[in-house]
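From just these sequences and the hints, can you work out the full model?
Numbering-wise, the sequence shown is residues 109 to 196 according to the numbering used here.
Be aware that one or more of the hints could be misleading.
Across the chosen pairs, the derived CB separations fall in these ranges [to be verified]:
| id | residue 1 | residue 2 | range |
| --- | --- | --- | --- |
| 1 | His136 | Val156 | 18 to 26 Å |
| 2 | Val139 | Lys196 | 20 to 28 Å |
| 3 | Gln184 | Gly154 | 21 to 29 Å |
| 4 | Val156 | Arg185 | 17 to 25 Å |
| 5 | Phe194 | Pro127 | 17 to 25 Å |
| 6 | Leu133 | Gly154 | 15 to 23 Å |
The hints are simulated quantities; they were obtained by calculation from the structure and are not laboratory data.
Cβ atoms here follow ideal geometry from the backbone N, Cα and C, with glycine treated the same way.
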Amino acid sequence: MSRPEGMQMSVAVGVEMEPAVTRRLLAHAAVGTNPERLDVIAPFTGAVLYSMPISTEVDVAACVATARKAQGWWAQRPVQERARIFLK
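Below is the structure:
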């Protein structure tokens with residue numbers, strides 16, 4: 109797919125995202141059940157990184173419920189442990 113209508117391509121800075129990095133970032137992404145898709149575009153090149161299904165209301169509600177459950181667990185973790193996770 110091409111860029112959405114009216115979207116300007118950013119100035120290329122000679123940086124490309126490695127496919128392995130894209131896979132790692134998307135490994136835990138919630139995927140919608142809608143057959144309609146949306147392109148995820150790299151702002152630094154305008155390249156399509158991934159095309160993903162658009163979420164439905166039901167998909168979003170399920171993600172919110174999962175996030176609320178995870179937040180309780182996350183809040184119980186010590187600050188040092190939470191920081192360590194982000195610094196990986």
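Tested hints:
At about 21 Å, the beta-carbon gap between His136 and Val156 stays in the expected band of 18 to 26 Å. At about 23 Å, the beta-carbon gap between Val139 and Lys196 stays in the expected band of 20 to 28 Å. For the pair Gln184 and Gly154, the supplied restraint of 21 to 29 Å is violated, since their beta-carbon distance comes to about 42 Å. The beta-carbon spacing between Val156 and Arg185, approximately 36 Å, falls outside the hinted interval of 17 to 25 Å.
Checking the proposed 17 to 25 Å range against Phe194 and Pro127 shows it holds: the Cβ atoms sit about 23 Å from each other. For Leu133 and Gly154, the Cβ-Cβ distance of about 18 Å falls inside the hinted range of 15 to 23 Å, so the restraint holds.
The structure does not agree with the numbered hints 3 and 4 stated previously, though it agrees with the rest.
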